[in-house]
Structures are given as C-alpha cells and as structure tokens.
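Visitor: Residue strings, one per chain:
There are 2 protein chains.
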Amino acid sequence: MRILVLGGDGYLGWPTALHLSRRGHDVGVVDNFVRRQYDFEMGVDSLVPITQLQHRVRRWEEVSGLSIDTFVGDLTDPEFVDRLFERFEPDAIVHFAEQRSAPYSMIDRQHAVYTQVNNVVGTMNLLYAIAERNPAIHLVKLGTMGEYGTPNIDIEEGFIEITHKGRTDVMPYPKQPGSFYHLSKVHDSHNIQFACRIWGLRATDLNQGIVYGHETDETTMHPDLATRFDYDGVFGTVLNRFCVQAVVEHPLSVYGKGGQTRGMLDIRDTLACVELALLNPAGEGEFRVFNQFTESFSVQQMAEMVAAAYPDTVKIDHVDDPRVEKEEHYYRAAHTKLLDLGLVPHLLETSTIRSLLAVVDRYRHRIDMEAISPTVKWRSTASALRTTAGLTAG
Amino acid sequence: MRILVLGGDGYLGWPTALHLSRRGHDVGVVDNFVRRQYDFEMGVDSLVPITQLQHRVRRWEEVSGLSIDTFVGDLTDPEFVDRLFERFEPDAIVHFAEQRSAPYSMIDRQHAVYTQVNNVVGTMNLLYAIAERNPAIHLVKLGTMGEYGTPNIDIEEGFIEITHKGRTDVMPYPKQPGSFYHLSKVHDSHNIQFACRIWGLRATDLNQGIVYGHETDETTMHPDLATRFDYDGVFGTVLNRFCVQAVVEHPLSVYGKGGQTRGMLDIRDTLACVELALLNPAGEGEFRVFNQFTESFSVQQMAEMVAAAYPDTVKIDHVDDPRVEKEEHYYRAAHTKLLDLGLVPHLLETSTIRSLLAVVDRYRHRIDMEAISPTVKWRSTASALRTTAGLTAG
Numbered sequence: 001m002r003i004l005v006l007g008g009d010g011y012l013g014w015p016t017a018l019h020l021s022r023r024g025h026d027v028g029v030v031d032n033f034v035r036r037q038y039d040f041e042m043g044v045d046s047l048v049p050i051t052q053l054q055h056r057v058r059r060w061e062e063v064s065g066l067s068i069d070t071f072v073g074d075l076t077d078p079e080f081v082d083r084l085f086e087r088f089e090p091d092a093i094v095h096f097a098e099q100r101s102a103p104y105s106m107i108d109r110q111h112a113v114y115t116q117v118n119n120v121v122g123t124m125n126l127l128y129a130i131a132e133r134n135p136a137i138h139l140v141k142l143g144t145m146g147e148y149g150t151p152n153i154d155i156e157e158g159f160i161e162i163t164h165k166g167r168t169d170v171m172p173y174p175k176q177p178g179s180f181y182h183l184s185k186v187h188d189s190h191n192i193q194f195a196c197r198i199w200g201l202r203a204t205d206l207n208q209g210i211v212y213g214h215e216t217d218e219t220t221m222h223p224d225l226a227t228r229f230d231y232d233g234v235f236g237t238v239l240n241r242f243c244v245q246a247v248v249e250h251p252l253s254v255y256g257k258g259g260q261t262r263g264m265l266d267i268r269d270t271l272a273c274v275e276l277a278l279l280n281p282a283g284e285g286e287f288r289v290f291n292q293f294t295e296s297f298s299v300q301q302m303a304e305m306v307a308a309a310y311p312d313t314v315k316i317d318h319v320d321d322p323r324v325e326k327e328e329h330y331y332r333a334a335h336t337k338l339l340d341l342g343l344v345p346h347l348l349e350t351s352t353i354r355s356l357l358a359v360v361d362r363y364r365h366r367i368d369m370e371a372i373s374p375t376v377k378w379r380s381t382a383s384a385l386r387t388t389a390g391l392t393a394g
Numbered sequence: 001m002r003i004l005v006l007g008g009d010g011y012l013g014w015p016t017a018l019h020l021s022r023r024g025h026d027v028g029v030v031d032n033f034v035r036r037q038y039d040f041e042m043g044v045d046s047l048v049p050i051t052q053l054q055h056r057v058r059r060w061e062e063v064s065g066l067s068i069d070t071f072v073g074d075l076t077d078p079e080f081v082d083r084l085f086e087r088f089e090p091d092a093i094v095h096f097a098e099q100r101s102a103p104y105s106m107i108d109r110q111h112a113v114y115t116q117v118n119n120v121v122g123t124m125n126l127l128y129a130i131a132e133r134n135p136a137i138h139l140v141k142l143g144t145m146g147e148y149g150t151p152n153i154d155i156e157e158g159f160i161e162i163t164h165k166g167r168t169d170v171m172p173y174p175k176q177p178g179s180f181y182h183l184s185k186v187h188d189s190h191n192i193q194f195a196c197r198i199w200g201l202r203a204t205d206l207n208q209g210i211v212y213g214h215e216t217d218e219t220t221m222h223p224d225l226a227t228r229f230d231y232d233g234v235f236g237t238v239l240n241r242f243c244v245q246a247v248v249e250h251p252l253s254v255y256g257k258g259g260q261t262r263g264m265l266d267i268r269d270t271l272a273c274v275e276l277a278l279l280n281p282a283g284e285g286e287f288r289v290f291n292q293f294t295e296s297f298s299v300q301q302m303a304e305m306v307a308a309a310y311p312d313t314v315k316i317d318h319v320d321d322p323r324v325e326k327e328e329h330y331y332r333a334a335h336t337k338l339l340d341l342g343l344v345p346h347l348l349e350t351s352t353i354r355s356l357l358a359v360v361d362r363y364r365h366r367i368d369m370e371a372i373s374p375t376v377k378w379r380s381t382a383s384a385l386r387t388t389a390g391l392t393a394g
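Heads up: the sequence lines are chains A and B, in that order. Once you know that position 286 of the first sequence is 286 in this note's numbering, the rest is easy, because the numbers rise by one and skip nothing. Once you know that position 84 of the second sequence is 84 in this note's numbering, the rest is easy, because the numbers rise by one and skip nothing.
Simulated from the structure, these hints should not be mistaken for lab results. Be aware that one or more of the hints could be misleading.
BS3-like cross-link-like pairs, simulated, lysine-lysine; straight-line CA separation at most 30 Å [as the list claims (entries may be wrong)]: (1) A:326 x A:315; (2) A:315 x A:377; (3) A:315 x A:257; (4) A:337 x A:326; (5) B:326 x B:257; (6) A:326 x A:377; (7) B:326 x A:165; (8) B:257 x A:165; (9) B:326 x B:315; (10) A:257 x A:165; (11) A:326 x A:257; (12) B:377 x A:165; (13) B:257 x B:315; (14) B:165 x A:257; (15) B:377 x B:326; (16) B:165 x A:337; (17) B:326 x B:337; (18) B:165 x A:165; (19) B:377 x B:257; (20) B:377 x B:315; (21) A:326 x B:165.
What you are looking at is a predicted structure, and each value in this text was computed from that prediction instead of being measured.
Isolated chain A, as found in the complex:
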C-alpha cells in the first residue's frame, strides 16, 4: 500500500512511518517541522535527543534497506497538498499533522486561533484533495478521546442510538471537548463526516487516548531513529511527566483531586491500531470512529503506579488544576472495534513504567525542571510562557 504519514516527524508519526515501512508499505512522510518550532518558542526540548528528518530517513535506509520519501510543506497550503498528491499518489493517508497540545491551544487568543485554523484548514485541504484526485483514498485521521469530554453516561464509538419521544435514531455521539485544541478535533470530525456523506470518501477517525511510552521495535534499531519524548508542561503528557519527576525525586504533581480518568495506550498499540485501520479500510462514503485506547486510569492511579514502580520513595503532591475539568466523574468508554480487528494490547504494567523510567534515567542530565510546571491556565485568556532559560537538574 502507498501510505502518506502526515506529521511524520512527530512523536507518533515517525514511529508509525517506520512501522509501516518495515511492514512492506511504500511510505511517504510529510511534515512542516512546526512541532520543532514550538520547542524553540517555548525554550524546551525533547528529553531524548532526536535527529533531523532527512538524517532519520537516511539512517533507516542503512539499517533496514527500506526507503521513505519525504515531503516538506504545510497542509494549510493547498498548492503544496496538490503537488503532494500528484507526486506520491497515496492509497491511504495517516493524518497526525495537527497541533496536538491542549495547553498550547489555551495559551492565548493567538494560539487558540492558530490551533483551530491550522488543524481545520489542513484537514479541509486534504478532504478536497482526496475528493478531487481519488475518492478511494482511505483517510485515517487522528482524533482524541478528549472530544467526548466526561459525560455521565457510557461513551460509545462515535455514534449512539437514541430513543426519544417514541422514536429511535443513530446519531453522532454528542461532544463536550475541554480545550480549543480538543474543539479543533471535534470540528474536524464534523467536517470529515460531511465530506464522506457528500463525496463518498472513506474515513476512519481514531479517537485516541493518551499515549505513553517511547520505544518501538523500529525506533530501537538505532539511536538516530529515536522519537521525541516530551515532558514539559505544554506538550508533555501525564505519565511521561510523572516518570521525569520520579527520576529527579520531585513530588509527582497531580492536578486537583486526581480523579480525572482518561483512556490510555502504549505507543506500540498506536502503531498496531493505525495498521489495523489501514488493513481494514472504511467503505465508500463511510465515516467510522474507533476509540483507540486500551485501559482507563485516573491521574491519581497513574501517580500511584509510577510511585510504586520507582525503586526509591516518591511523594505525590496535589497542585491546583490549571484546567477547567471535572476532578471526579463517571467514566466508561467503549473500545471494542479495534480489539475486534485483532488488536492485542500492551497493558500498563510495572515493567512498562520501569522501561520508561530507564529511558528517563538515561537522559536525566537533559531534564529541565523549570519546563515541567503548568504555566497555561484555562481560566486565564493569556498565560505567560516561560521565556527565560530554566535551570537544569540532574
């Protein structure tokens, strides 16, 4: 299969590209490197050093004998998208190429508008390009479990049967997203569903949980193939942050009560899920939604698991929640569709956390403690980013 991986220089895009390449697909990676630009803006860096895309691709060819095409450009530029489709002629597209941080979208007006325009327009340009060039192309789009919010009923996979005043219909599951970033994904979902309806496109919306982990079968083949590891207060996700805090013997910072429960998955399962979606494409005109996570944990539970896995004593601190979210809530979300396609999950076990802690320990000299604290407050319309150089621990 000829597969374009959009955002293929990123945390998940890069390992996905390698995985698909190794599985025998012709892979093209597309990126505009704006994710690297965010690091410059914030004065932070991936904990694990990463090489440039061109270097990564050359190293992959040396290690595996497989070549990956690279395309540098921006999906919000329709001429670039057009040239991209003309040159690569994909059978399928995996679309990671969006601003993916909730805190980044909540910094201020400019970042909120940037996030929504970047994500929504990039996806619209894709939809038009697919419809115009080849409606049979299967779009595998990364959404997020955060689109649903935390309703007081079970979350289903994209759609829900509603019986109301004696009549029944299957409707899109109501969305209650919690940031301008999550909202951008909801907007995307609506736009994609509409494009499938009017143009007969095929799309799979992967509503992904929070991903943890760093190493995959392919990225460990050479240090130059490593993917990013984010632990900063803006792009870092909770489990990664706890591991970093444990290693530097800083209390694990739980936001608020810690009852916030989220779907989670191992980075290796992301790759497996994307592949399963690609191998079992949506039908003509079908917009389908898979909830892509394997287990649910509360933030408090995650902190306790990291503390238990760490050999030394680690404290757990509760800090003010910078977000506006329910700190205790009902949470039960369906996630059977990918299991039905054959997903065999990697569950979050002590050994998983220990291997993550080992990665962190290896690069502990690169930890910037100043980068960890949450600087972006949901209730404020303008949060200051840390702009001065921080102290370095380790």
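The hints should help you fit chain B onto chain A, whose structure is shown.
Guide: Chain B alone, transformed into the frame defined by chain A:
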C-alpha cells in the same frame, strides 16, 4: 442597553439595528461590507435597491431623531475587535457577522475554507474580547436550525436528555449539518459553549430557521432604509425565489421531491426574537440555545402556497436537487423557549406572501433571471459561478 449589532449592514442586521434603536437602545453597527463584495463577485444584486450604510444611518437620524454609531472593520482582525470594544463598551452583542450562505460555502475549496475561517475566527476573537474586557456582556449569536440536520427523532432546543445503559445525562443535541457553512455554525456553537464554561460568559445561540419577508416597521419609514432582498441561486432563500419566479411567470423550481422540511419565520419575528433574548439575558456561564422559527413547511408546500397566493397561474417544476440532503424525512423541532418569553409569531399567510409578491412586482424590472438557477452543486468540489452578465427580464 448599549448593543453592538455585528453584520449590521446585512439583510437582518440592518433591520435589527433599526428596531433596537427605536426601542431606545444605544446601537452600534459593525460591518466590513463583505456581503456587498459577494454581490460583485457573483455579478448579482439585491432586488430592492439599498443605500450605503453611512447614508442609511444619516437617513435614520433624520427620520427618527436617533443616532446609530458605525464601525467599519473585520472581526477576524483582533486589533479591530479590541478597538471596537474600547470605544463602544457594549452591554450586549448581536452577532450576525458571518458568511451565511450554504451554496456560497460549497462553491469550491477556497470558499469553504474562507467560510469556516471567517466565521470561526471572528467568533473566537469576540469570545476572547468579551472574556478579557467584560465577561458580563451578553452574546446573542445567530446560529441556524440547519445545524441539526434532519434526524429521525424530535429536535430539541440545543440539548437533549439521553438515557443510555441505565444512566441519564443532558447532552448537547447531536449535530448533522448539511454544508460547510452549516458546519461553521456548529463549530461556533461548540466554541461558544466552551467559552461560557471556562470563562463564565453568557451566550444565547439563536438557531434560526429560514427567514422570509422584507419589510419591518422601521425599514418602511423611508425607501433609503430598505434592507436587501436576495433571490439569486447562492444567497436567495426559497420563498423569496418562488415569489420572484411567480412574478416573472417562470415555473417555481422545487429542488428534488420537495419533501425537504424546514423551520421558517417572518423577518419581523427575527427582530422580536433577538429583542426577547436581549431583554432576558443568559445567566453567568450559561450557554443556552433557542430554536428561532415559528412554523415548518416543506419546499413543496411553500411552492404551493406561493402558487395559490399569486393571482395568475403558476406552474411548479421539480429540478435536480443541487444539494445532498434527504428529500423526504421526519421533521419535528421544538421551539417553545421564545414563545415562553412572549413571542407572538407572524404566521405565513396568503397576505404575507401577497405583500412579498408586491415588493417583487415593484422591482420586477431589476430581476435577473440568470441569477436564479442553482449553479453550486454539493457533489462537485468546484462549481462555476455565473461570471458573465445575465439577461434581464421584466
């Protein structure tokens, strides 16, 4: 009350501004005249001649003794929005300032992207300005009944109680919009609801039906105060188009089977509804939705009503539906909240249609028959606009 009417040069914005001015409010009108630009782009014009905003406002002052402030600028420009709030200091905002044509948004990629960016970014800039300057400002936002689509269950006003697997929650009503324009309104609704939640803003989303009619108590006070009357295939709405076709003795063109049923309302009820929303503002942090229409009709019914009201014989033709929509469907939508606040509807009677026909007849020499046919096809990703001058009938 100090009220800003955004899009106050448009079909509904202008009569709303006059109505609120006459009711004793301090009114400021904001517009960037892009609606007039669309006419130039398409080579069409309002059937009823309209004067420039500055001229309208001067005439209003002569006729009524009341002054209206004018602000010329674009809501997608945050600096303009900031200056606007600084100068006018509104208590409430009525937001009509969006690209509001479904066919216009479906012309091609560029128009789809323009519609979504223009509408979503303008509204986001407003939300930030309100949150930063005065969260007590009540935002009255024009949405559309088209956000809901045509589900097989009753449509409620913004929210629906769902019982699912033994648990119950009140959720946002699932949206199934039918164009990139309607999608932009859905995106807005989600963004506004979120802003109310995190910043405590007050917002009323008026999910308006299709408006018909032309004259209000204020616009009839002088010919220079007339509002626009659109009948072209892109901005004209169905009842207006049928009246124009009747007057020139052209068959009334029903799209497809004509079973498409929509909520409708008289232009005078739009004014009354907006005023009712303003006088009964949303609470702190409240995002509420009113379904703003008074009656539902199918397209076929509307054609038959116009044919019956017209003194001569009028034929009804069925043409291919340029849209992708259900041509026959269940439709029952709640619309009690505005009635509960005191709305006394003007129903669609023969006399209403006759007065509309009289307006059309007065300007029949300005009718451009070439402008009426639907040129924008939903199934196509690029429709040609009529770019040559059309013939003039009458």
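Visitor: Indicate, hint by hint, whether the structure satisfies it.
Guide: Hints, verified against the model:
no. : hint          : result
1   : A:326 x A:315 : holds (24 Å)
2   : A:315 x A:377 : holds (24 Å)
3   : A:315 x A:257 : holds (15 Å)
4   : A:337 x A:326 : holds (27 Å)
5   : B:326 x B:257 : holds (9 Å)
6   : A:326 x A:377 : holds (15 Å)
7   : B:326 x A:165 : holds (22 Å)
8   : B:257 x A:165 : holds (27 Å)
9   : B:326 x B:315 : holds (24 Å)
10  : A:257 x A:165 : violated (39 Å)
11  : A:326 x A:257 : holds (9 Å)
12  : B:377 x A:165 : violated (35 Å)
13  : B:257 x B:315 : holds (15 Å)
14  : B:165 x A:257 : holds (27 Å)
15  : B:377 x B:326 : holds (15 Å)
16  : B:165 x A:337 : holds (19 Å)
17  : B:326 x B:337 : holds (27 Å)
18  : B:165 x A:165 : holds (17 Å)
19  : B:377 x B:257 : holds (17 Å)
20  : B:377 x B:315 : holds (24 Å)
21  : A:326 x B:165 : holds (22 Å)
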